[in-house]
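So the sequence lines, in the order shown, correspond to chains A and B.
Start counting the first sequence at 0; every next residue gets the next number (numbering that gives the first Met the number 0).
Start counting the second sequence at 0; every next residue gets the next number (numbering that gives the first Met the number 0).
Calculated from the structure, these hints are not laboratory results.
Among the clues, some could well be false.
Here's a subset of chain B near chain A, in silico, CB distances under 8 Å, partners left out [to be verified]: (1) 114; (2) 145; (3) 149; (4) 154; (5) 158; (6) 177; (7) 183; (8) 184; (9) 187; (10) 190; (11) 194; (12) 196; (13) 201.
Backbone N, C-alpha and C define an ideal beta-carbon position, used for all residues, glycine too.
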Amino acid sequence: MSVELALLLATPVLGAAFLATVGARRWAPEANVVFSGATFLAACALTTRVIGEGSFTALGEQFFIDPFNVFLVTLTALVSFTTSLFSRPYMRIESEHGRVKPQHLRLYHSMYQLFIAAMLIALTSNNLGLVWVAMEAATLSTVLLVTLYRTPASLEAGWKYFILCSVGIAQALFGTILLYFAAERVLGGSGMTALLWTNLNEVKGELEPAVLTLAFVFLLVGYGTKVGLAPLHNWLPDAHAEGPTPISAVLSGLLLNVAIYAVVRCKVLVEGSLQSALPSRMLMAFGLLSVVLAALFLWRQRDVKRLFAYSSIEHMGIVTFAFGMGGPVANFAALLHMTVHSLTKSAIFYSVGHAAQKTGTQVIDEIRGLVTVSPTVGWGLMMGSLAILGLPPFGVFASEFLILTTAMRQEPWSTPILLFALGIAFAAVFRRVQPMVFGETTAKRLPHSPALLPVFVHLAIVLLLGIYIPPYLADWYRSAANLIAGF
Amino acid sequence: MSTLPLDMQILNAIAALFLLLAFAMLSQRRVVTLVKLLALQAALLCAATLLLAWRTGETHLYVSALLTLLLKVLFLPWLLNRLIRQLGVYWDNESLLQISGTMLVGVLLVIFSFGLAQPIVALASTATRSGIGIAIAVVLLSFLTMITRRKAMSQVVGFLSMENGLFFGAMSATYGMPMIVELGVALDVLVAMLVLGVFFFQIRERFDSLDLHHLESLREDK
Numbered sequence: 000m001s002v003e004l005a006l007l008l009a010t011p012v013l014g015a016a017f018l019a020t021v022g023a024r025r026w027a028p029e030a031n032v033v034f035s036g037a038t039f040l041a042a043c044a045l046t047t048r049v050i051g052e053g054s055f056t057a058l059g060e061q062f063f064i065d066p067f068n069v070f071l072v073t074l075t076a077l078v079s080f081t082t083s084l085f086s087r088p089y090m091r092i093e094s095e096h097g098r099v100k101p102q103h104l105r106l107y108h109s110m111y112q113l114f115i116a117a118m119l120i121a122l123t124s125n126n127l128g129l130v131w132v133a134m135e136a137a138t139l140s141t142v143l144l145v146t147l148y149r150t151p152a153s154l155e156a157g158w159k160y161f162i163l164c165s166v167g168i169a170q171a172l173f174g175t176i177l178l179y180f181a182a183e184r185v186l187g188g189s190g191m192t193a194l195l196w197t198n199l200n201e202v203k204g205e206l207e208p209a210v211l212t213l214a215f216v217f218l219l220v221g222y223g224t225k226v227g228l229a230p231l232h233n234w235l236p237d238a239h240a241e242g243p244t245p246i247s248a249v250l251s252g253l254l255l256n257v258a259i260y261a262v263v264r265c266k267v268l269v270e271g272s273l274q275s276a277l278p279s280r281m282l283m284a285f286g287l288l289s290v291v292l293a294a295l296f297l298w299r300q301r302d303v304k305r306l307f308a309y310s311s312i313e314h315m316g317i318v319t320f321a322f323g324m325g326g327p328v329a330n331f332a333a334l335l336h337m338t339v340h341s342l343t344k345s346a347i348f349y350s351v352g353h354a355a356q357k358t359g360t361q362v363i364d365e366i367r368g369l370v371t372v373s374p375t376v377g378w379g380l381m382m383g384s385l386a387i388l389g390l391p392p393f394g395v396f397a398s399e400f401l402i403l404t405t406a407m408r409q410e411p412w413s414t415p416i417l418l419f420a421l422g423i424a425f426a427a428v429f430r431r432v433q434p435m436v437f438g439e440t441t442a443k444r445l446p447h448s449p450a451l452l453p454v455f456v457h458l459a460i461v462l463l464l465g466i467y468i469p470p471y472l473a474d475w476y477r478s479a480a481n482l483i484a485g486f
Numbered sequence: 000m001s002t003l004p005l006d007m008q009i010l011n012a013i014a015a016l017f018l019l020l021a022f023a024m025l026s027q028r029r030v031v032t033l034v035k036l037l038a039l040q041a042a043l044l045c046a047a048t049l050l051l052a053w054r055t056g057e058t059h060l061y062v063s064a065l066l067t068l069l070l071k072v073l074f075l076p077w078l079l080n081r082l083i084r085q086l087g088v089y090w091d092n093e094s095l096l097q098i099s100g101t102m103l104v105g106v107l108l109v110i111f112s113f114g115l116a117q118p119i120v121a122l123a124s125t126a127t128r129s130g131i132g133i134a135i136a137v138v139l140l141s142f143l144t145m146i147t148r149r150k151a152m153s154q155v156v157g158f159l160s161m162e163n164g165l166f167f168g169a170m171s172a173t174y175g176m177p178m179i180v181e182l183g184v185a186l187d188v189l190v191a192m193l194v195l196g197v198f199f200f201q202i203r204e205r206f207d208s209l210d211l212h213h214l215e216s217l218r219e220d221k
């Protein structure tokens, strides 16, 4: 087993164990940062190795790394690191405002690390059964974080999150069983190897189409619940709005990506077996429905975190639609969109979190004039919103532009629908954000200086990706896109 | 008509009982009885796995049966009963639909499941393939149980019964999942129930009840 991979997976697990014992101490937030930083370094080392040596499998083929998942591993490690930086002052302020008890911070820090570990295992596991197990573990580790404040609303959100995601993901387990059933007929009954993605990928042409169609329906519904695809999105706005903001940032920026990753891995197999456009059409339909519904719901939001949660559903819809169209260009755009959405949305949540602390509320109408009392929070929110709405020169514009032009070429009927939804979303978000940032203010000073460095680092990367994608990064996206397209 | 060997006949009888129990759960309103039915269902699953392990001689099925026995027949019902006693939730008396109506929907679901399972059964080579339809039916019936209940506890029982149905399906179609996956799933179920225990106490502390209508304020039209 490669050292880098071992470090990558072991660091957050050790971190969880360590913080479970000392997580309530004064310096626990710093320890959290150290563990997340170490995970990020391991991810960087892993990436350099994959760039140098190409894909590899480890630990009896149970784990594997290829361009598609290594890019998500790095993104996950980066955002969880910057979120831990943001969480450090944020949770201190929450603690001083009396919203969270110091002893609950132990649970918070430990579960945060466990959540990262679960996502990294889901991403790097070659065994589709283990992917399922890790996805469920990622849900379970965040349920008690969503309810951290113990308010009635947060308990309700936690319950919805728990029950909807568990039931949803139970469907994915059935899909996995069906996949195993189809695989066993081709690969033989040697239990350990029949669910390995690399093996399945080699024989995907021989897998029984009738069984795989049924399996894909269950897998898409199951993992789609976690992606937040409409009409299975009900848990998402609540869980994002009621939990602590660092958790909203990682749920929205990372967990949704990991769920999409699982869907795409399955789609590659099913498409190879069916030789038909059915999986693509299903992804496109779910994606478009999510984009349109989320855009309409965006108009009715009064709570700032719910507003951006619906915006996440919208963007996941765009990504799903792009993967549905398939082909190297659309896949490239979808991967780019996953990256920039993840970075921008977490940056927005960081600013929103501090804005809510300064004004003592998440209600949009009561947050006013952020820029007068704290220019960094105000501008962070404004720039982040403009970036997520797809204004040039930010990276979201580049990926959305690519997706739209591909749609015009491959699926012309969908272009007006997409443009209409994007337009509505733009108006809905902009008319809410503008008065929050400018105008008279009610905000007050905070006991700790907010951590806004991550906001501007993320936005700078997004800006850079909009203007210029470094050649090695572009190569990397391209090889991942080709891999998904089956070339 | 050829007669089946005795062990297969027993397995089929177990499968039929398994389905029957799902219907019993659908109509049962006493939470304590619901948990008993769940334990019985898990015991049937365990017996079926054991019988199959003996028939096929696959070691991992013995392990799986042991796991089912320890976790699902003994530990989870014990945990749920403890929670019921501590929280004082004994009845789920406001089902959202009339029981007769629910049963009728249940029958339709069973017919649908057997239709859905047809292509898989046709391909399967396992001796237990007739159980696939039953497994799908149990999953859907558990889903129906969850939808029609108001109390958090009954929904959890529905969820666990769904998990049993899935394992029954895996057993019927492929003689169980790979060992490592089965262990992982069992671990997840265990952790889920522990999280749930904590969670119930939090709900209880806040609302003084486990009725889910307290948890309906986060609507879009609020």
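Hint check results:
no.	hint	result
1	114	12 Å, violated
2	145	7 Å, holds
3	149	13 Å, violated
4	154	6 Å, holds
5	158	6 Å, holds
6	177	4 Å, holds
7	183	3 Å, holds
8	184	6 Å, holds
9	187	4 Å, holds
10	190	5 Å, holds
11	194	6 Å, holds
12	196	11 Å, violated
13	201	6 Å, holds
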